[in-house]
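Listed here are the chains, written in short residue letters.
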Amino acid sequence: MKKECGITNELLVDYIYGEITDAAKGAEIKTHIKTCASCAAEIKQLNLVKKASGNAGINFSADIWGVHRQGILRKLAKKENAFRNLKEAFFSFFDVKIFGLAAVILLMTGAGLQYYRVLKVLQEQKAIAGQMELLQNFDIIERLDFYEKISKK
Amino acid sequence: MTHHKEQTGREDTEIIADIKAGKELAVDELIRKYQKHVYNTAYGLTLDYDEAWDVSQEAMVKLVRYIGSFRGDSSFWTFLYRVIMNTFYDHKRRQKVRAKTGNFTDYEDDDDKRPFEIKDVIDIEQDYEQKVLKEKLKGALGLLTDTQKKVFVLKNTEGLKIREVAAILGISDGTVKSHLNRAVDKIKKALGGADT
Chain B
1 MKKECGITNE
11 LLVDYIYGEI
21 TDAAKGAEIK
31 THIKTCASCA
41 AEIKQLNLVK
51 KASGNAGINF
61 SADIWGVHRQ
71 GILRKLAKKE
81 NAFRNLKEAF
91 FSFFDVKIFG
101 LAAVILLMTG
111 AGLQYYRVLK
121 VLQEQKAIAG
131 QMELLQNFDI
141 IERLDFYEKI
151 SKK
Chain A
1 MTHHKEQTGR
11 EDTEIIADIK
21 AGKELAVDEL
31 IRKYQKHVYN
41 TAYGLTLDYD
51 EAWDVSQEAM
61 VKLVRYIGSF
71 RGDSSFWTFL
81 YRVIMNTFYD
91 HKRRQKVRAK
101 TGNFTDYEDD
111 DDKRPFEIKD
121 VIDIEQDYEQ
131 KVLKEKLKGA
141 LGLLTDTQKK
151 VFVLKNTEGL
161 KIREVAAILG
171 ISDGTVKSHL
181 NRAVDKIKKA
191 LGGADT
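Listed in order, the protein sequences are those of chains B and A. Per my numbering, numbering through the first sequence is continuous, rising by one, with the last residue being 153. Per my numbering, numbering through the second sequence is continuous, rising by one, with the last residue being 196.
This is chain B alone, in the form it adopts within the complex:
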């Protein structure tokens, strides 16, 4: 927001936080604030914000920091244990013997299932072939009947 004097609030924020690298510009603003009531009021407000949110400077006694630290170490150990257990579980699952056995069981189950499926398909094909043969026989009988009728006429 630009005020009548031409100085923006953003520039004053930069000034208060020491973000103006141009020394001449900084000096110019410093002088300006002394003569501009609007900017002086803005700077006062910004200083208030700065003061309110400055480092809280919270401190505890050494034993309380000790409790804080112990909590960190406890949480750290908990996370490390969880990770270690997960890792161990992973590697124990992929233990060579268990893995080998699991692979054989999986292979045999797969092969069994495949054999059953092939057997089923063959049986279905055999049934269809039988039905087809029957239909062909019916067809022949019908033709014979037809020729017999013609010959009688």
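You can take every hint at face value.
Here are a few chain B residues that sit away from chain A, every Cβ distance over 10 Å (derived from the structure):
(1) Leu101
(2) Tyr116
(3) Val121
List of simulated lysine-lysine pairs, PhoX-like, C-alpha gap at most 25 Å:
(4) Lys188/A - Lys131/A
(5) Lys186/A - Lys50/B
(6) Lys161/A - Lys44/B
(7) Lys131/A - Lys51/B
(8) Lys62/A - Lys79/B
(9) Lys62/A - Lys20/A
(10) Lys188/A - Lys51/B
(11) Lys87/B - Lys23/A
(12) Lys186/A - Lys92/A
(13) Lys189/A - Lys50/B
(14) Lys50/B - Lys161/A
(15) Lys50/B - Lys177/A
(16) Lys138/A - Lys51/B
Rather than coming from a laboratory, the hints here were simulated on the basis of the structure. Glycine is no exception: its CB is placed at the ideal position from the N, C-alpha and C atoms.
Please build the complex by placing chain A on the supplied structure of chain B, with the hints as guidance.
Below, chain A alone, put in the same frame as chain B:
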């Protein structure tokens, strides 16, 4: 970053190298060195003693666990602030989920009960006027978006430069400035009554 000069003891790089080498004492050393600063930064973000306690502990846990990924490309402080900001973000997200689901049982801090109330053991190095302002600021910070809050705390509380804040949050200088101006404007209006 100017405010780091107050830190004493061994160099960060030495401590980090020891942690990477598996020396457990170095972990304790790193925590001792930064826990106060991390707590105060967390308090700046949460303005709540208990939340700051949890966020700072969680941030320190992450700091130690992910220290292996710190290659020294950026300063350690940039890395540290990134961890704190991410932890704060996770904390807020968890709070939102808990508020929605009403599930208060799966919070991992539940098993870390303190034998005291933080407000009873705290020692605040600030004057009465600042305490009053701080109380007013609590309400004002609630008006900010998470990014505005992060920018405001890093800039105002930690005293970082715009470019440093931008590097930590992974956004441009211009975006940082924009967020900062909006945040300052909101807080200034909220604190209006304090200016007497």
